[in-house]
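Novice: Each chain, written out:
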Amino acid sequence: MAPLTLDRVDALSGATLSSRAALEAISRTARAAGQTAFGRAFGATPPPRPPPWEQPAVVATAVLLLAFFPVWRSGRDTPRLLYQLAVLAVLGLWLNTPLTEVDLINLSLGQVAGLTENPLRWLLIGFAALTTVLLGPVWCGYVCPFGALQELLGRIGRRLGLRAYPDRPVETRVRFLKYLLLTAVLLAAWWTGESRHAAFDPMQHVFAGRLAGWLGVIAVVTLLAALVYYRFWCRYFCPVGAFLNLGNKLALAQHLGPKRQIERCDLGVTDDFDVDCIRCHRCIDAVDVGLPHRPPARTAAKPILEETGE
Amino acid sequence: MMARRGWHLRHRDLRFLAVVALNLVGVAGYLATESGPAEVAAGGWRRIDRAALESRIESGELSRKEAVWFREVESAKP
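Protein chains in written order, with our numbering: chain A, 992 to 1301; chain B, 7 to 84.
Possibly wrong hints are sitting among the right ones.
[Claimed, not checked] Pairwise CB distance ranges (calculated):
{"#": "1", "chain 1": "A", "residue 1": "V1103", "chain 2": "B", "residue 2": "R21", "range": "18 to 26 Å"}
{"#": "2", "chain 1": "B", "residue 1": "R16", "chain 2": "A", "residue 2": "P1061", "range": "22 to 30 Å"}
{"#": "3", "chain 1": "A", "residue 1": "L1241", "chain 2": "B", "residue 2": "L28", "range": "29 to 37 Å"}
{"#": "4", "chain 1": "B", "residue 1": "D55", "chain 2": "A", "residue 2": "E1108", "range": "55 to 63 Å"}
{"#": "5", "chain 1": "A", "residue 1": "Q1102", "chain 2": "B", "residue 2": "R53", "range": "23 to 31 Å"}
In case anyone wonders, no lab produced these hints; they're calculated from the structure. Glycine included, every Cβ here is placed at the ideal spot set by N, Cα and C.
Whole structure, please, built from the sequences with the hints as guidance.
Specialist: Structural data, given as structure tokens:
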């Protein structure tokens, strides 16, 4: 009976919680199997899992999500910057639990842990779903730790004079990449029943500090590009962001938030329900918008006869 | 002057598109080489080396793919 070498254990996500959950699942399964097959217990009985309100990760996340609302309502740049730093620290560096397209796939396939098994996941998914329907994709604009990381890099890049914008017709076309990727990963997952095709997202790998192989290439290109192009991954590649962006067409309670100054948007958002808005609210204080360097939007082509005055 | 401005914009757009293409190459490379199923011979008893598993999880060596390891193995069915 050869032991299972770990070269054959091929996959665990980089998420701290996933790793712990995997270990716990292995331990519980081994104990249950031993009890069933041999009528005896192997290993010590684990302590019962504490209720959610006694789990520091759940409490910290709940506090963070509650703090979102006043920050969002203020619409100001400084509170948002501080909030994003907190998000980056808690959901990124500490818990490494961003929402990814794997969550979308697992939900669509019905492969979800129970509420008591993983209350943190449900808290995050529930918050993202509810706020997207009511307020638009504020998850992207405020709560996503990878978005926060890119935005902080973007602020540094702006201060260094690196920020640049592609021409709008080019950007308008390229931004549809994320919708294509969303469609592709969903179709691949539904076709194969697996989510591994969607694991190209660098979020969790960046926060885990693991940048090897092709994922390292993606992560490095993304983070360097974020210095120059505002939220490079979010705007052109993120499948889960593409899905949440559809909430722009609902945003049933967006009137409860601050009034956006859409004419200041440096990303080409044109109206209150524009699908490309990530609800970052940078347009309100206009501290971090690079509008002066942005070429003007092309107006609709005028008829030649009118232009020439004939 | 208009022609010069147009050339400048095109150059900037090409740089942007090159970065996008580079990232797409990364995604394609990952999908082509690193997201495939593990070639694992199924069947028979296995004993999990829990200490080694823990150490590899802690060192981050098992982080490059999402949790596909629990998928059903056809040949292990009774």
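Novice: Work down the list of hints and note, for each, if the structure agrees.
Specialist: Here is how each hint holds up against the structure:
no. : hint                         : in the structure
1   : A:V1103 to B:R21: 18 to 26 Å : violated, 42 Å
2   : B:R16 to A:P1061: 22 to 30 Å : violated, 45 Å
3   : A:L1241 to B:L28: 29 to 37 Å : holds, 35 Å
4   : B:D55 to A:E1108: 55 to 63 Å : violated, 26 Å
5   : A:Q1102 to B:R53: 23 to 31 Å : holds, 27 Å
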